[in-house]
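Counting from 1, one number per residue, gives the positions in the sequence shown under the UniProt record's numbering.
Please note that the accuracy of each hint is not assured.
[Unchecked claim] Pair by pair, the computed Cβ-Cβ distance ranges are: (1) ARG136 / ASN190: 31 to 41 Å; (2) ASN96 / ALA360: 51 to 61 Å; (3) HIS395 / ALA213: 40 to 50 Å.
[As the list claims (entries may be wrong)] For lysine to aspartate or glutamate, the following DMTMM-like pairs were computed, each having C-alpha atoms within a straight-line distance of at most 20 Å: (4) LYS300 / ASP285; (5) LYS300 / GLU105; (6) LYS274 / GLU290; (7) LYS164 / GLU386; (8) LYS164 / ASP301; (9) LYS432 / GLU388; (10) LYS274 / ASP285; (11) LYS244 / GLU290; (12) LYS300 / ASP478; (13) LYS432 / ASP446; (14) LYS244 / GLU212; (15) LYS300 / GLU237; (16) LYS300 / ASP330; (17) LYS244 / ASP301; (18) LYS432 / GLU386; (19) LYS300 / GLU160; (20) LYS300 / GLU34; (21) LYS300 / ASP108; (22) LYS164 / GLU105; (23) LYS274 / GLU212; (24) LYS164 / ASP108.
By construction, these hints were calculated from the structure, which means they are not laboratory data. In this text, a Cβ means the ideal position worked out from N, Cα and C, and glycines have one as well.
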Amino acid sequence: MFKPFRFVLTVALLLVSALPLHAQAPDAQGNLAERLSYHVHLLAADSLEGRPPGSRGSEIAMNYIAAHFETFGLQPFENGSHFQPFQLRHASVNLNATNVIGIVEGHDPQLRNEVIVIGAHYDHIGFNPGREGVERVYSGADDNASGTAMMMELARYFAENPEKTARTLLFIAFDAEEIGLRGAYHFVRNHGFDSTNNLRLMFSLDMVGMYEAYNGVDLKGIGSLAGGRSIAVPVSEQHGVRLKNTSADIEPRTDTWPFGEAGIPAVHVFTGLKSPYHQPQDTADLLDYEGMARITTYMKDLLTELSVQTALEPAPRFVRAVSPRGVRTDVGVLLSLGVSRHRYPDAFFAAGNAQFSAGAGLFAQLHFGHSFVLQPELFYDFNGSETEAGRFSRHSVSLPVNVQYNLVNEAGGLLRLYPSAGLYGRYSFAGKVAGEDLDLGGVHRDLEWGLNLGGGLQIYSFNIGYSWRRAFNTVSTDGLNSFAASNTLTVGYRF
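Take these sequences, add in the hints, and give me the full structure.
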């Protein structure tokens, strides 16, 4: 429940400690950039000590946001309150955390039951003792006083102009984002609507204070909404706002992720890592407030346009990706380096001397739910062995197909640890032995097939793996019982 006396006291203390004596709150009808600056300077003040969940600084920020929601005229969320409290455990400590929520009801009777969420986390990482016991405050101006300020000004605009939105807008200041997106997860699991299906779209305004330095703004995830790009791009052109990332990918490191996991299209509004990310130097004086005002004005019109659409539906590819039975497809490039040799199981020596091998090509990944990935590859590889006749080498095209089983799968596949197994086929189109051309398709087989075993680790778009390959058929047809073998390391990049 909102406590006026506590709010007045805490904000009064904040104002005394955070602002110059001449500073005053800008008029509501005044300059948008000045209002954004004012919010950020308050929320990122040293006296709030980095706003970690459960702290005095977090409580001051929480009450500051709620008081503005009240002043703007936003409807409370539940039980007559703008607060959604919850408890969490972090680092062996029980903490009280709070989401702050305000509602602007849509004016269209047919659409007002559908909700667009505009969120921004207001917590940051706190402070650490510096040298000689001096505290180092992590102010979190860009991360994420900037997004909180923008969310508040969007809330002000739509509360003053409710006719601008056909659908209901839910403005949420999330707590505990920095320790696992806890506030967003709590809301998604306890939103109070008849169905999660009421939530049609979500925006996370997280680190939006560096428009000029980043030369644009990301709307990562707008492609998860069917037709999302075709709505967002024309509005950006009207405002002269440069959009950069407009993919369908849901960002896992901000509050978009719990919504995306629940099948709700979710968009990360972001101006890059241009500020001193998670450093004490992320202070309010570094931010681009004119750029923030530009993005805010763009978001006003984008939200208005989205609110009046006949339907807000997830894109089919996004639906498949989040479905437990869905199939998500990725593609990328790979490079392999290792050694190859011939095995002679019937001879008195076990194998020929190893020779350097290398390859490069393409791969695809078909993700089946949470546990299994099918990965076909197509690449050129150079392979061979030292033999009694001399150096044996081949130029080949290989087609391995492996099944990967995820022992670890976090953040929608951005972190995976897996063993793999499968089969491969190889067509050799050129080669030499002791300086003479191979008789491929004659004495020397041009087609080979065999077994692949291995494993790998994927971190974001990068993958490193190991492959153990053994052929089932012989290298030649002249009666010599020799089989190709290789051990390689692979490095891949997923687009």
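Hints, verified against the model:
1. ARG136 / ASN190: 31 to 41 Å: Hint holds: Cβ distance 35 Å, inside 31 to 41 Å.
2. ASN96 / ALA360: 51 to 61 Å: Given about 54 Å between the Cβ atoms, the range holds.
3. HIS395 / ALA213: 40 to 50 Å: holds (48 Å)
4. LYS300 / ASP285: Given that 20 Å is the threshold and the Cα spacing comes to 25 Å, the pair is violated.
5. LYS300 / GLU105: Between LYS300 and GLU105 the Cα gap is close to 15 Å, so the pair holds against 20 Å.
6. LYS274 / GLU290: This hinted pair holds, its Cα atoms lying about 16 Å apart.
7. LYS164 / GLU386: violated (76 Å)
8. LYS164 / ASP301: Holds: LYS164 and ASP301 sit about 9 Å apart, inside 20 Å.
9. LYS432 / GLU388: holds (14 Å)
10. LYS274 / ASP285: holds (14 Å)
11. LYS244 / GLU290: Roughly 19 Å separates the two Cα atoms, so the pair holds.
12. LYS300 / ASP478: violated (76 Å)
13. LYS432 / ASP446: The given pair, whose Cα atoms are some 13 Å apart, holds under the 20 Å limit.
14. LYS244 / GLU212: holds (13 Å)
15. LYS300 / GLU237: The hint holds at about 14 Å.
16. LYS300 / ASP330: violated (34 Å)
17. LYS244 / ASP301: holds (18 Å)
18. LYS432 / GLU386: At roughly 11 Å apart (the allowed maximum being 20 Å), GLU386 and LYS432 satisfy the hint.
19. LYS300 / GLU160: holds (12 Å)
20. LYS300 / GLU34: This hinted pair holds, its Cα atoms lying about 17 Å apart.
21. LYS300 / ASP108: holds (18 Å)
22. LYS164 / GLU105: With a Cα-Cα distance of about 11 Å, the restraint between LYS164 and GLU105 holds, given a limit of 20 Å.
23. LYS274 / GLU212: Holds, at roughly 10 Å.
24. LYS164 / ASP108: holds (10 Å)
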